[in-house]
Structures are given as structure tokens and as C-alpha cells.
Amino acid sequence: MAFQPATIDPSNPLGPYIGAYIARSTAKNVKAGGGGAVTAILLYLLDKKKIDGVVAAKKTRGIKGEIVLAKTREEILMAAGNRWSIVPYTMRLKETLMSTDIRRVAFVGLPCQAQFLRQMKMFPLMEGDFADKIFVIISLFCMGTFAVESFTDYLARNYNVPLEEVENIDIEGDYLVIFYSGKKLRLPIESIIYHVQHGCILCPDYTGVFADISAGRASREGYTLILTRNRLADSIVNNAAYDGYLEISEATEEEIRYAREKALDKLNRSLKYIMRIL
Amino acid sequence: MEATVIDLQRVGGEAELLAYDLDGIVEKAYFITTAPVRGFERIVKGKNPVFAVNAVMRICGICHAAHGIASAEAIEDAMGVSPPANGRYLRETIGLLNKIQSHLMHLVMIIPDLIPEPERMKYIVATLNILNKINDVLTKIGGSPTHPPYLVIGGVSRVPDEKTLVNLLEELDKLIEEYIVLRRSFKTSISSSDIYGQLRFKKHKPKYLASHMFYGDKYSIRIDKIRVVRYEDIHEDLPSKARENTSMIALYDGQIVETGPRARLNKYYDYSDDSLWGLQEARLIEIELFLKRTRELLEKVEVGESGHSKVLVYRSGKGTGVFEAPRGTLIHTVELDDNGRISKYKIIVPTMFNIPLIEQAAQGFPSKHVDIVPRIYDPCIPCSTHIIRLDSR
Amino acid sequence: MSGKTSILIYDLGGCEGCPLSIMRSYPRLARIYDVHAKCIGNADIERQYNYAIITGPICLNSQRHIEELKKIRKNSKILIAYGSCASVGGIILYARGGQEPRPDHRVYAPISKIVRVDFSIPGCPPAPQMLISLLGCIRSGRGYFLDLFKAVSAYSKLSGFDLMDEVVLTGICVGCGACVLSCPTNALHMVDGRPDLIVEKCIRCGTCTVRCPRFTQILIQRYKLRERAKMLASLVGGE
Ligand SMILES: Cc1cc2nc3c(=O)[nH]c(=O)nc-3n(C[C@H](O)[C@H](O)[C@H](O)COP(=O)(O)OP(=O)(O)OC[C@H]3O[C@@H](n4cnc5c(N)ncnc54)[C@H](O)[C@@H]3O)c2cc1C
Ligand code: SF4
Ligand code: SF4
Ligand code: SF4
Ligand code: SF4
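In order, the protein sequence lines correspond to chains A, B and C.
Position one of the first sequence corresponds to residue 1 (our numbering), numbered consecutively onward.
Position one of the second sequence corresponds to residue 1001 (our numbering), numbered consecutively onward.
Position one of the third sequence corresponds to residue 2001 (our numbering), numbered consecutively onward.
Source of the hints: derived by calculation from the structure; they are not laboratory data.
Treat the numbers as computed from the prediction; the structure is a model and nothing was measured.
Positions of the beta carbon are idealized from the N, C-alpha and C atoms, including for glycine.
One thing to keep in mind: the hints can contain errors.
Claimed, not checked - Ranges between beta-carbon positions, derived for each pair:
1. Glu-95(A) - Arg-2226(C): 53 to 59 Å
2. Lys-1205(B) - Met-91(A): 49 to 55 Å
3. Leu-1284(B) - Glu-2067(C): 36 to 42 Å
4. Glu-2067(C) - Met-1121(B): 42 to 48 Å
5. Val-1125(B) - Ala-2154(C): 35 to 41 Å
6. Ser-1185(B) - Ala-2030(C): 41 to 47 Å
7. Leu-271(A) - Gly-2237(C): 27 to 33 Å
Go ahead and model the full structure; you've got the sequences and the hints to work with.
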């Protein structure tokens, strides 16, 4: 594990990485948030018995989710796609992990959760930590998560979109697209920024610099941009491609710049706001 | 007579032995604890009982669960609640595992006295291996190997599932075998050592205090007969150095009594060995008995049934909890005020009984090796420096 | 003596949980370092060490312990406050003295109140692997988490109460749940997506605060401001 810089460095807002790829799942039936690459990697790890399970977020209602430990292919496929809110880690997760037959797990989470997991792995501050079960940490890129009630209430009041009907949310350029009851609602991102959590405005980390693998949307439609941050991570991604789970190509300068700009935006936003609360 | 102050190492906590030497033999000895008094009985005053259980576990990182259990028992007694069957089994299990932990850690610390260099590390590693496995078992049942959080008022807050239990039973079977092998080879390795001979040779016959073999029973001893006094009260002509002592002394029926593994085995298993070695031997026997008892208890646990009573009654009351800690009988007493908050708390720990015996046993022991005497008694200083009876100095 | 880096593990009056947790990984530790500790029987505070790992809080009413601590600081290159008691006070912040046989032992504090501390590590107790991992990181250089543990040494308390005050009640909590998984007494639980403190269970160990992505950010930024202020002060000839 490369040693993380003291804070995220504005000259390198993506954090340290050794490989950058554009990828998508070779299976076409994955109902993914991007190119389904994350799901493909997870399936590869499970099939090859490198892990006993995956901690990810499953959709429950609307944009809400629930943290689950997926132990089969089916469960992993069920969890594909994005939950647009943060899904908190709970005591139940810990208890499940403590149960005896789970030895190594892949974690999928947001950058803030990746930071927590990395710290636990490097510095187990508690005897009850499950540090030795963390096999790989995968972080999704993240601009911020919604304050759930606030956002769904806004949708219901102003656009008559009932919470239960929200099927998926997507970002297209500067617009947020909400799919519900077979319909599509396009909202400028600016208009919903008030429903992003306050804490997320302070967050400096776009890609998850503490993760082993970071994954986000590529500028090419239907693909995932993958950053591998150490040799273990890089070999996982390459082997998943070699074994036919993943279709990958090196990311171009252009693709990387696309992510870097967003990361820099987020970092600047964070630096601006943190001063207000110190 | 020449006085030497021995800074005791490889014991739980900070202590010194002040030994007066006459021709290579200890003439008189003072066991002086020097750790600062943190005052847990005062810390919990005015607090919610839930806090007390979590707090008093931090009296000691060695016998954490023993304090947790004695405290929960005392508070339950005051509140008038009691744990369901599962809670009782699991709580006893946590207590037993804690005793095994403590005995094993003690073994690690005493090995250097008994086993010379080339083999020493091998035994330390083997003992730590078993200890680490015991810790895993305790993590699954108590939530953590130190200060287990599942110990709560009313029982144990989580009951392991079927699969975990089956795995634990298998694990315990393996552990029992592993331990028996270790113990056997350990005994052959030490029998030639010099110090072993001295420990066998040195005998004294104290009175014993024990309340139960595995758990603790407040009805089998007379708590009203216990008196807690200052260290100065049992010694005349105390040298000024010894006045720094930070622990109190407990007497039973006005007498000095030994409590701990040998006392338990003596009372419940007819064990008698009056030599200093007999005390260590008792510890080694107990580990095996406790492992087997743990296995038995886990078989009784009903999966799906609750482990705690799910009632907390905030009312005034008085209660007593007695538990057999690794080092002997541990007593917590509590008084709750009208709001159910703690108004009085009192703790008597086993080392308070054993300190005078350490001093007696040191007398007549060769000065060169006398530091092993307190070590063989396994005093617990973090515990013994948190005690009671307030009067003006 | 071998050319190994020397470390001292020394307890000042904690519950012994911290040193015993370290001892459980002793065989591994001893392969890399020349370890000195009371549990091994070779602790000697008169000699020099590369690292001193202090466990337990400092009793401000015990001259003896204060002297010992100062001596260890002088004799060691890097001093680490290990465990909640030593680093942020832990349970022992509640101590108020008045108890026999030494009613004068009234005030306990993290050791940073008396000496300069290089790294402060909460945890009650930290897991056995923690120390090996930490020393390895210190040897290999700078990093986010080391900066964090350095920042913690500027605090004389950190607990679930601070987490509530600074992160949850100020509305900057994002609800990630890291704190809930980091509490050794289960004093934090999620209520409607935000952590809530069960106050009677909090033993002020501080683990939750250094695991919270928001609070760590604040701790580090504040520490930097503080260092900058110190530097400015020294430039104009102040303390
Ligand atoms: C809240 C949120 C904000 C995002 N913001 C951006 C952004 O600004 N820019 C960008 O480029 N990309 C962003 N992404 C990431 C992006 O939308 C895709 O998730 C990413 O490209 C991976 O796509 P995929 O098809 O390979 O993943 P998939 O194959 O769909 O797999 C995604 C995996 O992540 C898990 N998951 C989904 N949501 C959560 C969650 N909330 N918490 C934990 N695990 C979860 C799923 O269970 C699944 O296992 C965001 C994702 C989320 C959840
Ligand atoms: S913006 Fe930061 S804090 Fe908010 S959810 Fe994303 S990673 Fe977490
Ligand atoms: S931090 Fe916890 S384990 Fe360590 S000495 Fe203090 S109370 Fe004991
Ligand atoms: S809430 Fe828990 S983790 Fe935080 S300080 Fe209190 S006891 Fe420690
Ligand atoms: S760790 Fe911090 S941000 Fe995460 S839930 Fe707890 S208080 Fe909120």
C-alpha cells in the first residue's frame, strides 16, 4: 500500500495510482451504474475464491439502500447499480462479519467509507476490528450524497415524483436524470445542490484515495473509469480482464483529465468550506 | 540486616518488594504497591449503573470481565432483576475465559524464571498461541477479548448463532488437547530447574477463602466477616519506604486468608499442596477444568433464546455481587439512590487478601530469588489500588 | 546488544490492558525490535530508547510518576502515548480522588499535559497488531494517519461527546457509520441515519473521533493552524 499524502495534494487530486483503465463488464445483463465493471470485478473475485463475500449496498426503497454481505453471484448481481445516498455501516454488519465462516471480504463503498476501512486495516484501534477480513477496498467516485428525506420530499412536492417509484438516478453532464414509473425527469444539478449533505460539501476526496481500487464514470458513455492504487489491485483488474470478466483498455490522457478536473473542483470546494467551521 | 528494594517486573502492575536480608535469607519482607490510586469507587458515584459496568471493567486489563460480572451481579441484586438461563451460561463462560486468559498471561510472565534461554521462547510462543485462540473465543462470545462489551446488566446482550456455537465447540476441543500437550511438556522441562526445587521446598499453610469453583456465590461466604484495613494497620514499625503503599488489605474473620486457584481447588476438589509450587500447579490444573466447563456451558446455550432480561429497574436498593476472579474472591457492593443512580460503591479485590501472604511466604526464602514469591502469587496491582473506607488521615 | 531499534513499553498507572495487548504480539515484535517492558522483566528507564510507548494516564498528584515520565521523554527519540488513557485520558478523566489509601490522587490527564508527545493513539486497548503497524509506518515516513495521530497529541480530551458536538450536532455528519463500528462499548447507535450517543456507555476512549472522516479532517486542519501560529509566534520572539 502506497503511503498516503498528508492531505489530498492539489497537484494530484486523484491521489496515487499505478494503473488507469476504461472498463466495462463483458456480461451485458448487469444492471449497473456505469459499465458494470465493479460488479464484474466482484464476480471474478468470488468465482476464483479470492473472497468469501462482498460488502456492498443493496437497494431497498427509492434512493435508499441497505448494507449487505453478498455471498453468492446472484446477491452480487442484485446489488449492482448506484444507491444515491450514503448507506451507513451498522453493528449488524460487524456481527455478520464476525460469524465464523467469513474470512476475506471485498468492500465497496464511498470514499469516506474507504478512508475508515483503510484506517482500520492499517491501524486496528480496537480489538473488535475486522481488519484481517478486509481483502480489498473498492471506492466509487463521489461528488456528494443526498440528504435522503430532504431530496425525496423535494421531488414529491415539486415534480410529483413519489419516493417508491424512483427506479434509478443518473448523471448526464450537468443534469441529474431521475427515472421513475417509466418516465424521465431531467434536473440541472445546480437546482438540487441544497439537498446534498452538508458534510459532503466539506469532503475533499472525489475518487477514494484510500481505496485499493477506485471506480467512477468514464467520459465515454457506458464505461467505468478504474484507478488501481497498488500492485494487488492492479493484478486483480488485469486478471479479471484476462479471465474474460472485464473488457479493459488503458485510459487516455483525455479520460484522466476529465476525472482530474472534477476531483479538483471537489477539493477546492472542500478547502473553501472547511475554513468556515474550524 | 540489609534492606533491598526490588522493583518487581513481570507482575500485573507497579510494585516493589522491600526485603530485609540475613545471610542470604529473607528475614522480613514488605510488598509495596506504587501505582497511583485511580479511585473507581468514587468515579462511579452519582452515575447511571450502566456506566458502572463499563467503567469498572477498566479497573483491570487482566481481570476485566471479573469486575464486569461482579458489578452486574451487584446492580442486578439492587434492581431486583436477574438474567435468563442463556445469560447465566454465557456470563459464566465469559468469566471462565477471562480466568484462562489471566492464568496464561501469568504463565508467560513466569516462564523466564523456570525455563532457561534456548527453550524459553518456545514456551512463550506456545502459550501466547493458546492465549490468542482463547481471545478469539472470547471475542465471539463477549464482543472483545478485553473489556467485553456484551456483558450487561441483566445478562449478556448477544447470543451466538448455531454455526458459531458449533465452530466454537470444535475449537475448544482442539484447545483442550493443545493445552494438555503444552502442560505435559512444560512440566518435564521445569522439573530439573533450581528454582522449581526451591518452590517445592518452601511450604506454609494458610487458611483459604473461596466461594465457588467456577462462578461465585455470595451465600457460601460471610461478607460481613470481611474487614478492610489500611496497610499500616497490619504492620507495626513500618519502615518509611513502605508507607508509600497505595493498596489496602482485607481480612476474613480477622485473619489473613489466601484466595485464588489453590483455595478454590482446596475447597471444591480436595486439592492440597502447601508448597509455593502448589499455587502454580493449581493454576495449571484450573486452566484445563475451565476449558472443559466452558465447553459444557456452551452446549447448554439455547440458540434463538435471549441472553439478557431486557429490563432495567431504576429504583433505590442495595446489592452485592461476588465472583471468583482469576486471583480469587472478588466482591462488589452497590447502593442506588431514589433515581437509581449510584450513591455508594465498594470493591474488595482478591489481591487485598493475598498481600500479607506474599510477605509471609517471602520470609525464609533465599534472597537471591525472592522476587519469584510475589510473582507466584500473581498479585494484581491495578485492582488492588482502587479501594475504600474513607476516613481522615 | 544487537543493532535492533530499541523500544520501551511502560505503564504509568493504567489498567494494564494496553501493555498486555502489546505483549500478545511479543514474538513478532521481538523479531524486529529490541523490546524492553515490565512484562518481560527488562524495563529500565535510565537508558536511551528509539521509541518509548507509554500506556496509562498521568496522575498529576504523583510527583514520582511525573518524574519518571519526564525522564523517559528525555531518554527517548520518539514518544508515543498508546491507548486511550495515555492519549486522550479515557475513562480516567472521570477520576476525582478522595479514595483510600491515597485520597490525594485527584487529577489524571493524558501524558501530553506533562511532556511533548509525538503520536497519540486512542484505543481501549488498541489491538495487538496495532503497534507493529504503527512503528512500521513511522519508519517509512509521512502520511495522513500519522498526521492524524500527531494532531491528536494536541488534544487533552476526545470522546463521543466531542463527536456529537463537533460533527453530528453541527450538521456535518454524513452518516457513514464509521463511528458506530469503532466504539468498544457500543455507545453509538444509528438513529434515522445519524449516530446518537448513549451517554452512560461512553468511556471517553476517543476511538470514534479518530475514525470519523469529518472529525479527522477538522483535527488535522486545526493542528496545522496551530503549528503555523506557533511558528509565527516564534518568529516574533514569543513562546
Ligand atoms: C452516491 C454516489 C455518487 C457518485 N458520484 C459520482 C460522480 O460524481 N462521478 C463519477 O464519475 N461517479 C460517481 N459515482 C460512481 C458511478 O456512478 C458508478 O458507481 C461507478 O462508475 C461504478 O460503476 P459500475 O457500473 O462499474 O458499478 P456497478 O457494477 O454498478 O457496481 C456498483 C457497486 O457499488 C455498490 N454501491 C452502489 N451504491 C453504493 C453506496 N451508496 N454505498 C456503497 N456501495 C454502493 C453496489 O452495491 C455495487 O456493488 C457515484 C456513485 C454513488 C453511489
Ligand atoms: S462526498 Fe465524501 S463524505 Fe459525502 S458521501 Fe461522498 S465520500 Fe462520503
Ligand atoms: S486505555 Fe483502556 S485498556 Fe488501556 S490502560 Fe486505559 S483503560 Fe486500560
Ligand atoms: S462513544 Fe464509544 S468510541 Fe466514542 S469515546 Fe465514547 S466509548 Fe469511545
Ligand atoms: S463517523 Fe462521523 S460522519 Fe460518519 S456517521 Fe459517525 S459522526 Fe457521522
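To see whether the hints hold, each was checked on the structure:
The hinted range of 53 to 59 Å is not satisfied by Glu-95(A) and Arg-2226(C), whose Cβ atoms lie roughly 40 Å apart. Look at Lys-1205(B) against Met-91(A): about 52 Å separates their beta carbons, and that is inside 49 to 55 Å. Checked against the hint of 36 to 42 Å, the pair Leu-1284(B) and Glu-2067(C) passes, with Cβ atoms roughly 40 Å apart. As the Cβ distance of Glu-2067(C) to Met-1121(B) is approximately 34 Å, the hint placing it in 42 to 48 Å is violated.
Against the hinted window of 35 to 41 Å, the Cβ-Cβ separation of Val-1125(B) and Ala-2154(C) comes to about 39 Å, which satisfies the hint. Take Ser-1185(B) and Ala-2030(C): their Cβ atoms lie about 22 Å apart, and the range 41 to 47 Å is violated. Taken as a hint, the range 27 to 33 Å holds for the pair Leu-271(A) and Gly-2237(C), whose Cβ atoms sit roughly 31 Å apart.
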